[in-house]
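Asker: Chain by chain, the residues run as shown.
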Amino acid sequence: MQQYLYLIPAMPLIGFLLLITGGAQFPRYVTAMIGAGSICVSAIIAITMSAQFLLYPPLEGAYHQQLWHWFNIGKLHADIGLHMDAMSLVFVCIITFIGALIHIYSIAFMEHDRDYARFFASMNLFVCSMLLLVMADNLVLLYLGWEGVGLCSFLLIGFWYESEANCMAARKAFVITRIGDTAMIIGLFLLFRELGTLNIREILALAPQHFATGNTTVTWIALLLLAGGMGKSAQLPLQTWLPDAMAGPSPVSALIHAATMVTAGVYLIARMHTIFELSPVTMHLTAIIGALTLLMAGCSAMVQTDIKRILAYSTISQIGYMFLALGVGAWSAAIFHFFTHAFFKALLFLAAGAVIETLHHEHNIFKMGGLRKDMPLIFLTFTIGAAALAAVPFVTAGFFSKDEILWFAWSAQGGHPLLWVTGLLGAFITAFYSTRLILVVFWGERQTTPGKLPSGAMNIPLVVLAIFSIGAGWIHLPHLEEVLPATVLKPAHPEEIIFQSIAILSTSLGIMTGYMLYYLYPHTIRGWKESEGLMAVRNFFYAGWKFDQLYDVLFVRPFVFITQVNRNDVTDKLYTGIANIHLQLNRFLSVSQNGSLRWYVAGVLIGILFIITLQILR
Amino acid sequence: MAPISAHAVLIVAAILFVLGLAGVLTRKNIIFMLISIEIMLNAAGLAFIAAGSRWQQPDGQIMYLFILAMAAAEVSVALAMVLQIHHQHKTLDVEDLRELKD
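Same order as they appear, the protein sequences are chains Z and L. First residue of the first sequence? That's 1 in the numbering used here, and the numbers climb one at a time after it. First residue of the second sequence? That's 1 in the numbering used here, and the numbers climb one at a time after it.
Heads up, a few of these hints could be off.
[To be verified] Covered stretches of chain L, as calculated for chain Z (at least 3 residues, CB under 8 Å):
id, region
1, 23-35
2, 84-97
[To be verified] Listed next, with one range per pair, are the computed distances between beta-carbon atoms:
id, chain 1, residue 1, chain 2, residue 2, range
3, L, 86, Z, 569, 52 to 60 Å
4, L, 75, Z, 569, 53 to 61 Å
5, Z, 591, L, 70, 27 to 35 Å
6, L, 76, Z, 593, 24 to 32 Å
7, Z, 583, L, 58, 54 to 62 Å
8, L, 84, Z, 583, 32 to 40 Å
9, Z, 615, L, 70, 23 to 31 Å
10, L, 84, Z, 591, 25 to 33 Å
Read the hints as simulated data drawn from the structure, not as lab findings. Nothing here was measured: the structure is a model prediction, and the numbers come from that model. Just so you know, even glycine gets a beta-carbon here, dropped at the ideal spot from N, CA and C.
Please model the complete structure; the sequences and the hints are all you need to start from.
Answerer: So, in structure tokens, the structure goes:
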């Protein structure tokens, strides 16, 4: 079976090549067949392979395929080699399966778009890059996938390039993630200098022998890799690009900015877990960043009015949970939360896309309202997604994964009660804004008359994802313990059931609060809006804790100032100086070129005299 | 006939050359400038002849024949151009003929 490993990323690549070369000529149904078909084939192969993997686990715990040597420079041997162990398996299945569903949804969603082929080409390239990222057996290939997904994210955020705001959002996403990418590549250089290899398995084997725990070098490497992960996964302080990235089409938000690409940072950290374990400082930092991010993004999500921005902030917040889990050493819990989150967040984005489409591109939730009866299927699936996001106990997938993280945030070796409290507060906020979203969008007065309801191709993915948003919680991810170390618990810790009860309580409280404020007593909110202090807090949250303004003051303005000072280009002065000297000489000599024949004769004479004098004097 | 010293002839040639040169530099009329150039050429020719006679070699006279032929060719071309210039500009004053500038 493992000789077919290459087919999984190859299918989307072929699809991309076909669409990018001949896409404009194909009729629409051919484009859709190629675009969605390639991912579906990929998904079928991936699922068959997973079944094989689970039924007959390979001896060394992973499928491996060496395709060819990429390049050899000195000691650096980079191969195109694919590696699929239990963790890659989870990511590959999610990427191909959810990718296929989103592609099917896009067939209908993008139906009337002019650049149908370009959309599917970019999406296919994205899936290919993402698969390379999670299947790479060395960090160079991983980095290729890493940059590939960044590029596709840029292309797809700016998909509707005629509006300037979309292009700015694309640029912002590209530049901010590039900060993280730069840190990451420096980390890779350091890693290569220290260990002499970039093969992931060799690194994981060599690192514990080479570095002592808490070694400065390994801490630097871990910090740089963490920075890379923070950029891609939109964690504090590099989170500002994700809300703006919602400028792209909804399927793009679902696939790239919710289910897959933004969790690349989680994958990277989990993949390099040995390096992180050798640096406890970085682990603590990861947990703290995760906790702060989940709280900050949760607060922002509470007050947003754009349906997609709410979901974007909630994505940042949920990835914060994953970072928190990684930071306390609960590796499997982080992967599990990624797994469940991918389903319900993709579902939420797709359902939101359907709502927006039906309401003639209305993004403001306060202009929706009362959609419960108009679009029952979307209401149902959206509610399931929101319930999973809010971690409604026992019936939803989100509950199981989030509950596990909360429990480990206290009781794991790297855990701390403060982390747990933050996580719990985050859970309360999540439940609150999920309830708010549902109540405002689907209950209340109808504000906008819905247009044509979405067709079957859009409904099927919603239903499938809704089923998984409920069912995925009971799936026990197999064989992860062979890849990721087990979570070490503190010697003395309270029972899990206590934490579970408290988590349930906090979720219920969040839902209750949302229900009271947005359904039973809506005038309370109106009362709050009178108060200046509360409005200031609300605006602060609404602007994403003013990070954009902060960066504007810290980086953008100084940069613009420097460029203004340097408008005449200081370094260019030297070169313009050289040019000016020659211009002056030219002007000086062109005086002699006056067209007077007698001057020329005199010039010749002087020249001859000069040469003769030289000859005589020699 | 007593041989004339080469020294004296060279002095005459130098005087002729300087006269011609002065003519080229001071005259405004192209035809006079051409005549001055001819004088300079003849000065050079005279110097060759003197040198040939001084060393009893035929080379000096051969060089003079070359100069003669060259001067004839030059004058024919130059006079043709003078005709054209006169035809187009109605003047032969070099101070007015400054089109080569720039």
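Asker: Would you mind marking each hint as holding or not holding in the structure?
Answerer: To see whether the hints hold, each was checked on the structure:
1. Note: the region 23-35 of chain L has 4 residues with beta-carbon separation from chain Z under 8 Å; the three-residue rule is met and the coverage holds.
2. For the region 84-97 of chain L, the stated coverage by chain Z holds: 3 residues have a C-beta nearer than 8 Å to a C-beta of that chain, and at least 3 were required.
3. In this structure the hint that residue 86/L and residue 569/Z lie 52 to 60 Å apart at CB holds, the actual value being about 55 Å.
4. At about 59 Å, the CB distance of residue 75/L to residue 569/Z agrees with the hint of 53 to 61 Å.
5. Judged by the Cβ atoms, the range 27 to 35 Å given for residue 591/Z and residue 70/L holds: they are separated by roughly 33 Å.
6. With their beta carbons about 29 Å apart, residue 76/L and residue 593/Z fall inside the hinted range of 24 to 32 Å.
7. Separation of residue 583/Z from residue 58/L is about 55 Å and conforms to the stated range, judged on CB atoms against 54 to 62 Å.
8. Evaluation of the 32 to 40 Å hint for residue 84/L and residue 583/Z yields a pass: the beta carbon distance comes to about 36 Å.
9. As the Cβ distance of residue 615/Z to residue 70/L is approximately 24 Å, the hint placing it in 23 to 31 Å holds.
10. For the pair residue 84/L and residue 591/Z, the supplied restraint of 25 to 33 Å holds, since their beta-carbon distance comes to about 29 Å.
Violated hints for the displayed structure: none, as all numbered hints are satisfied.
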